[in-house]
Structure formats: structure tokens, C-alpha cells
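Peer 1: Two chains, two frames, some hints: make the complex.
Sequences listed follow chains A and B, in order.
Going letter by letter, the first sequence gives residues 1 to 108 in our numbering.
Going letter by letter, the second sequence gives residues 109 to 434 in our numbering.
Straight-line Cα separation of at most 25 Å, SDA-like style, residue types lysine to any residue; simulated pairs:
hint : chain 1 : residue 1 : chain 2 : residue 2
1    : A       : K72       : A       : S24
2    : A       : K57       : B       : I168
3    : A       : K66       : A       : E82
4    : A       : K90       : A       : Y10
5    : A       : K44       : B       : P179
6    : A       : K90       : A       : M18
7    : A       : K31       : B       : R113
8    : A       : K31       : B       : G151
9    : B       : K133      : B       : H155
10   : A       : K72       : B       : I162
11   : A       : K72       : B       : Q149
12   : B       : K270      : B       : R290
13   : B       : K152      : A       : L36
14   : A       : K72       : B       : R134
15   : A       : K57       : B       : L175
16   : A       : K44       : B       : L119
17   : A       : K72       : B       : Y144
18   : A       : K44       : B       : V111
19   : A       : K44       : B       : S163
20   : A       : K57       : B       : D138
21   : A       : K44       : B       : L175
22   : B       : K133      : A       : Y25
23   : A       : K31       : B       : E141
24   : A       : K44       : B       : E170
25   : A       : K106      : A       : G9
26   : B       : K133      : A       : I33
27   : A       : K72       : B       : R113
28   : A       : K31       : A       : F64
29   : B       : K191      : B       : K289
30   : A       : K90       : A       : L20
Derived by calculation from the structure, the hints in this document are not laboratory data.
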Amino acid sequence: MISSDVIRGYNDTMILYMLLGGESYGYEISKNIRRLSEEKYVMKETTLYSAFARLEKNGYISSFHKDGESGKRRTYYRITEEGLAYYQEKCSEWQITQEVVNKFIKEP
Amino acid sequence: MDVLRAYLNSLFAAWPRTAQVLNLKREMLDTMEDKYEELKQDGKSEHEAIGIVISEFGSIDELMHELGILPVSDDGDKVVVSKQSAHEYEKIVRRSARLQAIGWLSILLGVAATMCIAALKDNGAFGNWSSDQAYLFAVIVLFVFVVPAIGLFIAGGNGKDKYTMLENEFELEADAKDSVKRHMETFRPLHSRLIVIAACLGTLSPVALLIAGMRGETEIAYGAAIMLALLGLAIFLFAYAGSIQGGYQRLLQLGEYTPEKKEENRVIGRIATVLWPLAFVVFFVSGFVYGRWDVNWAVFPVTAVLFAAIGGVYSMRRKTKMKTKA
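Isolated chain B, as found in the complex (with noise of 0.2 Å):
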């Protein structure tokens, strides 16, 4: 029956065409065709038996919601995330989450490193070294520290291009949610535990450079160098505590990754990638070309400073923006 086929087909567009959903549409086109075959035997014209077969028919919604379906979007780029596919994504989060944790880390020792041995030279701990050669050393020394964390934010960032659909607006299945919700409610306790000890570690650390500062004009350097090895241990447990808390921030689309946040993290990550490779920068020509390793420092203390200021200042602006808008 044409006409009862055309009725379903247009009941079902809206609704993924899986095994499942094909299947049933054919099981209630016949049972439809049953009906409408024996109303038309018991003399009811064509028309009736039409009508009443649709009558009868009942809310597509309500058998959906049983089945635990959701509805394909009307746009169509409304990617359905399955269980698996989180669970999958979950894994390679924790991985990255530890990969770039440790070149974070790997970066600032090297730093702190490098200041060292600028303090060393300064302080004729390298007896008859040149300073080019201890330039060199020091260069050396920073690239065994930095080469390696390249890779690993690299190697952090492999699988991740499989799951860009996240960055959209995205459903997740209903049993996926759950399972999700479950597991960043057992990663709470010590997700908690890592930021507390990163930021008493953050803020514990210009002690070591007020001590150092204590001790002498000479020493500030190894404070600095102390300091920064200590914020490289703060930042390592942010890195690692915030990207698994993002994960799963990301999949439940929760906090920094509702639909709107979205748009706003974009812009603000394009100002990440220029403000902070232009603060290395800074600190690099500083360091290598005026020498200035003892001051040089408070670039990442200043950018940090600066960007979450600009950042503030966006989402402000925008949220304004949006209440006049609304």
C-alpha cells in the first residue's frame, strides 16, 4: 500500500536508519497492511480504511523513547557518539593527559636548567669555560629537555584528529552519558587532591627564590631555577588533573565545553597560540642575546598574568554582547 508506505517513510525520516529501526518500520508496515486489508474486506472504502489505520497508528516519539533512540538532527551534522567511541576517546585522553603532562614538566627543567648553568658560568664554576661554550652548553642542554617534550605533545596529540567531531556540537548515547558521568565521578576525589598540591606547590614556590634572594645577589638565579622546577611539578599535575577533567568535561559537553563555551575557547586558544610562543621568545632573545637570565623569568609569570586578563576580559565582553543581543 502505497499510500500507508509513504505515511511511514515520512513518520521515520527523522530517525536513524539502523537494522533496528529499518526492521521495525517493515514489521509495522505490515501489520499496517493487515489492518487496512481486513477493514476494506469488513466494506470500509479505501478512504476509511486509510484513515483509520494512521487513527491508529499512535506518537513515533513515545516508540523511539522506548527504544532508547534518538532523533538524527535536522541539520544533520549532529554526530551520535556510541558507548564505545567514548570509552575509546576516554583512554586516549589519560594517555595524552600523562604524555604532555611530562613534556610540560621536560620544558620547564630544561629551562631551569639552562638558568643554572647561566648562574654556574656567572658564579666561575666552569674554571676557563668561554662563555660562548658555555652558551653552547647551556643551548644543549635545554634542547635534550625541549626536543623531547615536542615529541611527546606530538606523540599526546596522536588519535586525538579521530575525535574532532567533539569540537561540534555532538549527542552522546544515553547509556554512553551514564557510563561517563560513573567514571569522572570516581576520577573527582583525585582529580580534587592534584590541584590542591599543584596549586600549593604553584604558590609555594617564589619562596625558594625570597630564600634564595636572602642568601645573596648570586644565588637568585638557583632560586629562580628552583622556582621553576617547582611550577614545572605544579604545572605537570594542572596538565595531567585538567586534561582527564576536560575529557570528560568535553564528552558530557559540561562547563568550559557547552555548546557556547565552545565558540569562546576557540578565540581564546588562538590568542594562546600567539601569546605564548612570542613569551619564549621573549625569554629566549632576553636570556641569549642581553644575557639577562636573572630577570628574564617573570615573562611566563607576566604572559600568565596577561592572558588570563585578556581571556577574562573576552568572555565579559561577550556575555554583554549576548544579553544585549537577547
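So that you can see chain A by itself, here it is in the shape it has in the complex (with noise of 0.2 Å):
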């Protein structure tokens, strides 16, 4: 398990990543980053939630209501203009970080 005060900065960027693909749900979402992250990191629902919350306060996604395939009526999340533009700034931003911290690494 990661430690989740690590990965806070990058909850934001990973749900977008996953809306990069198109449209989608909460639970979706959340099972999806699971399975990329190979089961080694979860997203607990109020974190997710908080993301959603704060993402389209800053207009970086825009939310709508639609039936899922099971009938079930849903809200999905849709990655907007600034959404994407954010997103590749945080991912520039890792970029370096990870070459900073890279260098503070000893391989065990």
C-alpha cells in the first residue's frame, strides 16, 4: 500500500487521465485506477469524491446525469479545455519532480 500523503498531489491527475478516454462514472473510475495501479493503490471514495468536488470548482471537468448500461440513472464526468491543459501541466510537473527525487534514490 502507498502512503496516501505522497500520492495526494496526483489523485487530481489520475482521474483525469482516466477521463482522457472519454466520459465516465465514480465507481468506474475508481476501479479503473485500481486495476492500471495493479491493485497496489485504492482511491478511497471521500478522497475521490473530494477530487470530483474540487476538479469542477475549477472547471477542469463538468459533470451530467445519463442512464448507465444497467438502467441505473448515473453522474458521469467529462474532461474539459482547462482540464486538459492542467493535466499536462501536473504531468510535466512529475517529470521533474521524478528526476529530482530520482536523485535522492539509492536502489536497495
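Peer 2: Printed below as a string of C-alpha cells:
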């Protein structure tokens, strides 16, 4: 398990990545994050919904209601232009962060 | 899933039931149920599935903090004041500050005018008027000033009854707090200027009395009247600046309006409602019955000092009591 302190700054990035391929809803996003991280990271429910609120407030995602395949009415999220720009910004930030931190990491 | 629903209900119980929160709760329940169903399909037992879903829920405090939502207090009587009603309250405070300040000025000017009339009568300015006629005239003049003042006080209090919740404990919405703070900062320079001018007027006002005293015995009453008029101006400024500042402090629960101070002020307020009318009774009785307009104005400064002393002793005793309790 990864400490949530370390990963906190990138929760939003992960969610935006999940929306790059198209609209999605809460559980699908959280399931895909778990799958992509090979079960190493599980985003808590409250973390997920905090991020939705924050991203929507900043205009990085927009939400709308839609009936899912199972017939359940759900809130779907879609990435916006601004969200895409923010995502790219975070990607280059991570490149640098990684380079810097790596300089201080010794292979065990 | 009833267990998950009950779990969420208990977590959300401490938070306000706004549309936003209820929506969020429903969304989260959906997600948790999806997760639960899938875990069961993967062959987990009911108990295991519920255990996993709950362990992956996270912290509701963190979520509400992110949304800027404040908890409902345990005792339920702590009201949350919105930005809109905070701004409305500011407007009402400004209006009532203006009206009540004019009211004070009018009362003091009325008393000053009454004293002038008494002095004029004593100095024979009304020719062959009888004392009764002069007194009647003085009373009418006093009423002309005091009655509108009472009207202003009542009008100034209007609309404040909607905000009685501010008398007790309350919570100001986060963004309301910031904006009220900004308004208070903008008002600060004007407030200091008004207070300084008022203090100067108040301190200089006895000079009028001194000058009049030097000009002769018969002039003292005029000096006192001028002094009262100057004091009226000082009180006008103090009341105006003080009420607005007080309104801000009340909203932000600062200074005189912290929860501990509020109780203290309630008691001191009760003392004031007895003491000041008593001072006026003494003033009018000594004036109209005994005709001592020349000295009886002294009852006001004496009451002010007495009032300050009583208030001071009370809050000191309260502080010691609280310390010994702690």
C-alpha cells in the first residue's frame, strides 16, 4: 500500500487521465485506478468525491446525469479544455519531480 | 444494501442536509453498492465485501472540509449565518448606527436647549413671562428634541429582531467571514478618525464651562449648554463609529462579542437599563422641581463614571471567579 500523503498531489491527475478516454462515473473511475495501479493503490471514496468537487469547481471537469448500461441513473464526468491543459501541466511537473527525487533514491 | 445505507446515514448525521450534501450521499451510496456487488461476484462473502467497502470509504471530515461545509453542532442551536444574511446585517447596522447616533445628538441638544431657556429666563430675557410659562416652553422644546429621538431609536432597532441569533453562539460561513473581515478593514481608518475627533470634542467640552465660569456666575448655564452640545456631537460620533464597529465585531465574534464576553455584556446591559433612566429622572426632577439646572447636568458625567466603575468591577470579579474555577 502507498501512503496517501505521498500520492495526494496526484489524485486529480489520475482522475483526469481516466477521463482522457471519454466520460465516466465514480465507481468506474475508482475501479480503473485500482486496476491500472495493479491493486497497489485504492483511492478512498471520500478522496474520489473531494477530487470531483475540486476539479469541477476549477472547471477541469463537468458533470451530467445519464442512465448507465445497467439502467441506473448516474452522474458522469467529462474532462474540459482547461482540465486537459491542467493535466499536461501536471505531467511535466511530475517529470521534474521524479527527476529530482530520483537523485536522492538509492537502489536497495 | 441496508448496512451500507445505515453506515452512510450515521456518517452524514453530523452534517447539514443541504441538496448538495444529500446528492453527494446518494452518489457515494451508488458507488459503494457497485463496489459491493462486484466484490460479491468475485466470490467474497457478504461480510467480507461490506468490510472492504467500509475500509475503503475514507474520511468524511476531509471531504466536507474540501467542500467547505461546516458540521451541524451537537446541541443543534448553533446557527450557521450565510454570507447574504451577514451582508444584510451589515446594512441594517449602518442604518441603525446613523439613526441612533442622530437620536443621541438630538437628546443632548434638547437638554442643552432646555438649560439655555432656563438660564435666559433667570437673566430676564423673556421679559414678563412667568416661571410657569418659561418652564412650559422649556418642556415643549425638550419634547421637540426627545420625541423624534425616541422615534429614531425605535426605527434604528427595526430589522434587528431578525438577527437575534447573533446574540447567542453562531457560526459564520467561511467565505462570509473573509468578506466581513475585508469590510471591517476598510472601515478601520474612518473608525479611528471618528473616535479621535469624538474623544477630542469630549475632552475639550468642559473648556466651554470654564470660559463661561470666568465670564461670570450667570453665564455658567450657557457654558454647560455648550458643553452638552459638544458632548452630544462627541456621542454622535462615538455612537456611529462604535455601532458599526460593534456590528463587525459581533459578526466576527471578536472583542466584546466572544461567547464569554456576551454573557458579561448581558449583565452590564441590564445595569445600564436601570442606571441611565435613573440619571435622567434625577436630572429632570432636580431641574423642574428644584430648578437646579445650574448644577444638575453633573449627574451625567457622574453616572458615566459610576457605570464604568460598576462594569469594571463586575468583569474583574467574573475573571477571578473563572480563574478559581479553572
